[in-house]
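Sequence lines, in order, name chains A and B.
Just so it is clear: in the first sequence, position 235 is 235 by this note's numbering, and no numbers are missing.
Just so it is clear: in the second sequence, position 246 is 246 by this note's numbering, and no numbers are missing.
Hints were generated in silico from the structure; no laboratory data involved.
Model, not experiment: these values are computed from the prediction.
Check each hint, because a few of them may be wrong.
[As the list claims (entries may be wrong)] Okay, the calculated beta carbon distance ranges per label pair: (1) A:G325 x B:G306: 31 to 37 Å; (2) A:K78 x B:Y258: 38 to 44 Å; (3) B:N44 x A:N184: 16 to 22 Å.
[Unchecked claim] Simulated crosslink set (EDC-like; lysine to aspartate or glutamate; CA at most 20 Å straight-line): (4) A:K100 x A:E328; (5) A:K139 x B:E132; (6) A:K204 x B:E126; (7) A:K303 x B:E135; (8) B:K41 x A:D201; (9) A:K195 x B:D489; (10) B:K286 x A:D322; (11) A:K42 x B:E500; (12) A:K139 x B:E126; (13) A:K157 x B:D84; (14) A:K195 x B:D84; (15) B:K117 x A:E332; (16) A:K214 x B:E437; (17) A:K200 x B:D84; (18) B:K117 x A:D322; (19) A:K42 x B:E171; (20) B:K286 x B:D84; (21) A:K195 x A:E332; (22) A:K204 x B:E452; (23) A:K214 x B:D84; (24) A:K200 x B:D489; (25) A:K214 x B:D489; (26) A:K192 x B:D220.
[Unchecked claim] Reference excerpt, derived from the structure (chain B facing chain A, CB under 8 Å, subset only): (27) S7; (28) L10; (29) N501.
Idealized CB from N, CA, C, for every residue including glycine.
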Amino acid sequence: MVSSLGKISALVALVVVGGSIAFSSQAAQQKTLTIYSGREEKLIAPLIAKAEKDLGMDIEVRYGDTAELAIALLEEGKNSRADVFFAQDAGALGALAKEKRTLPISNTLLAKVEPQFRSSAGQWIGISGRARVIDYNTKLVKPSELPTSIAQLTNPKWRGKIGWAPSNGSFQSFVTAMRLLEGNQKTLAWLKAMKANGTKDYAKNAAIVEAVGKGEISLGLVNNYYLYRFTKDNAKFPVAHHYTRRDAGAMVNVAGLAVLNTTDQKSDADKFVAYMLAPKAQTYFAQETNEYPLVKGIQASQKQIPLSQLKPPKVDLSNLSDLQGTIELLQEAGVL
Amino acid sequence: MRRNASSPPLFLVAIAVIVAIAITLPLTYLVIRTAGVGTEKLINLVSRPRTLTVLFNSAGMAAFVTLFSALIAVPLAFLTLQTDLPGRKFWLIATTLPLAVPSYVGSFALIAAFGPKGSLLQLWLEPLGVTELPEIYGWFGTILALTLFTYPYLLLSVRAGLMLIDPATVEAGRSLGLNQLSTFFRVLLPQLRPSIIAGGLLVALYALRDFGTPSLMRFDAFTRVIFLQYKSSFNRNQAAALALLLVALVLGILWLEYKVRSRAAYYGRNLSIVQSPVIVKLGASKIVALLFCAIVVSLSLFLPVGVTVFWLWRSLASSNTAYGTVSWSAIAQPALNSVAAAGFTAVIATICAIPVAILAVRFPSRVTTAIERCSYIGFGLPGIVVAISLVFLGSQYLPWLYQTLPMLVFAYLVLFLPQSVGTIRSSLLQLHPQLEESARLLGRTPWQTLKEITFPLVRPGVLNGAVLVFLTAIKELPATLLLAPIGFDTLATEIWKATENVSFSDAAVGSLAMLVVSMGSTLPVLLHEQKTSKR
């Protein structure tokens with residue numbers, strides 16, 4: 001009798017506690033800013049924790065792949081619970097803006113970032129910059145042998161020695177930039193020549209950097225920040241950066257934010273965007289993720305050459321969301 | 001098969017119908033989205049050479065993987081159950097454990113070992129002047145990896161079948177003058193057909209739905225191409241159209257399986273006399289048998305475990321911090337979450353699969369067959385497609401369930417239920433219906449018959465099915481990322497995050513934890529199975 005009473009009271013306690021947890025989380029949800037982040041948890045979580053403290057708001061983050069989250073946001077449509085989207089590349093932000101899932105960002109915030117790093121219609125804003133580079137194996141290639149433009153990569157001396165990631169978003173942005181700069185015909189010819197030259201396919205930028213380190217290939221077309229993750233684990237990792245000038249190979253893409261039109265806390269969302277553009281967060285990106293801070297006056301990490309010295313081509317990033325044309329070109333060239 | 005006079009119990013039909021409808025929900029979504037493509041574009045998409053190549057690649061890959069898996073699994077099942085193979089008990093367990101190796105970890109290990117440049121093998125051969133090995137990427141690597149990590153499906157199924165074969169049939173064969181080899185081919189193999197076909201179906205569908213291997217091996221299978229379509233153009237309609245094409249391929253395979261599987265019944269075991277199986281003496285061929293087992297286990301089990309431990313050791317050696325200890329404690333919660341979600345799924349899947357399997361076997365009709373076939377569709381679809389379809393359906397129609405744990409479990413059910421249906425079905429096929437009929441004649445209700453006769457006898461199949469569901473659910477990634485409650489990290493999401501972040505130490509810790517949890521959950525079932533087989 002006593003034991004069954006005990007069981008019943010335990011059960012009741014469980015229900016009460018469970019119910020109150022459920023209730024409190026429901027109550028909290030009204031004040032919680034929900035972010036879908038295509039940016040990695042390991043890099044971003046510490047910054048989010050700081051933002052929670054400094055802004056005095058609850059933030060919850062769903063981490064995932066940028067493209068998959070963008071598609072989920074499109075499918076959720078008006079039923080979405082997300083307030084902000086933190087994307088790895090401008091293309092995904094552009095796709096959401098195109099389907100009218102975003103709200104305009106205020107002009108004061110937009111003004112902090114160079115026009116080339118944000119949506120021309122103010123629908124999204126770049127937070128940090130990511131430069132395309134050529135990573136090379138320092139044991140296999142002398143600096144004097146390096147190409148000065150991506151056009152030279154089709155030279156027979158690089159036969160079978162270059163790696164790229166045709167399915168990767170950054171690579172496709174780079175090809176899109178090339179199309180905008182040089183036209184479809186020239187881009188197609190270059191892609192075909194690269195393929196004919198035995199350029200190897202990889203699934204990811206990181207896999208390319210790893211393959212360059214192993215000597216499986218000599219050169220890799222990647223983003224600037226991957227290398228540092230390898231050198232962190234292995235200081236003797238035999239890979240270094242090389243930059244081309246003024247061509248698509250030197251393009252700078254952005255990771256950025258969009259406020260979603262389903263948000264029920266626009267002012268909190270705006271505060272979060274402002275926080276990511278403040279010096280504290282911008283310095284964090286420079287030092288911790290080895291990306292380029294986009295707000296004027298914040299220095300890049302010592303390891304990298306400054307953004308002002310990079311000679312990126314003049315490309316409107318908003319136009320990079322026209323990936324369909326790039327995909328078709330990549331498929332025509334037999335690359336994808 | 002003889003027609004069963006009685007009609008199926010209503011509660012079974014009700015459960016089975018609900019299960020079938022729920023499982024085929026994602027199809028509705030695919031049809032809605034495909035309708036948005038437009039006729040002209042659709043014809044264009046379906047008839048372009050690339051789509052046809054992908055269709056050919058996927059079908060060919062599934063066929064070869066199934067064939068090679070059968071060539072590995074059938075001899076292994078026989079060797080580990082019915083011969084005097086030295087270390088038989090060890091091989092019995094070791095040959096099953098590759099099931100616990102996620103295909104992306106396994107494929108990565110194969111590339112690390114046999115990749116063209118900078119791999120273990122190439123570095124060993126370098127002093128001999130070998131600077132580059134032949135490409136592992138493409139057809140070869142994909143088929144090799146998928147075979148190595150999916151043959152256990154067939155193995156489990158064939159073993160369960162082998163244990164239920166009446167040894168008297170083997171003895172009869174012998175006494176009629178058949179030698180060992182012809183006994184195997186003429187007595188055992190025909191009786192194993194339902195198990196081989198059921199296991200083969202799971203292998204073929206698993207090969208079609210796997211994403212990790214084709215993407216690491218750079219092979220243009222449907223999963224990779226659908227993923228590219230989503231990723232690069234945000235075009236949900238075209239991706240859905242491609243997925244529907246994959247559904248057509250899956251339906252084709254299901255139809256083929258339906259045609260191939262014999263309609264004869266296989267029950268034969270006389271339960272009043274439990275005899276131990278005839279043990280075959282291997283004699284001189286012992287060495288060949290041992291070598292065969294050793295090669296399979298080395299590639300499919302020792303290699304991935306070894307490479308994972310090596311990563312961990314290398315990254316711990318190169319960083320002098322207390323990194324290891326921090327990561328181990330950080331992995332505890334995801335490990336618990338994984339076990340909880342996958343375990344819960346395994347239980348629910350079993351409850352849902354039993355009615356479907358019983359209806360299909362004991363009350364065969366167009367309707368019950370259709371229900372059983374329907375349950376397989378989700379297993380042939382890539383995880384991302386099912387995940388996105390449930391994002392759409394969940395957020396529109398079930399907002400109170402969307403992105404909660406039950407929703408995640410439901411996604412796992414859609415993806416993995418047929419593994420349970422398949423194993424239970426093949427166990428049931430070998431169980432004589434007269435046993436159940438006698439129980440009914442003796443006044444038992446259908447429910448009592450199920451509880452007292454059917455369940456205990458098909459237990460090995462039920463347990464195997466539950467383990468399979470558990471093992472695949474624990475590895476699942478895309479649905480977990482999109483449908484789990486925020487902050488509900490699992491081992492799979494942790495490994496993914498670590499690889500995104502190129503943190504080899506974290507990826508290794510996560511992979512090892514997954515191997516330990518998966519193997520830890522497989523072992524008890526295998527040991528139990530061994531105990532019952534020894535009876």
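request  = Identify every previously stated hint that the structure contradicts and give their numbers, smallest first.
outcome  = Violated hints: 1, 4, 6, 7, 8, 9, 10, 13, 14, 15, 16, 17, 18, 19, 22, 23, 24, 25, 27, 28; rest satisfied.
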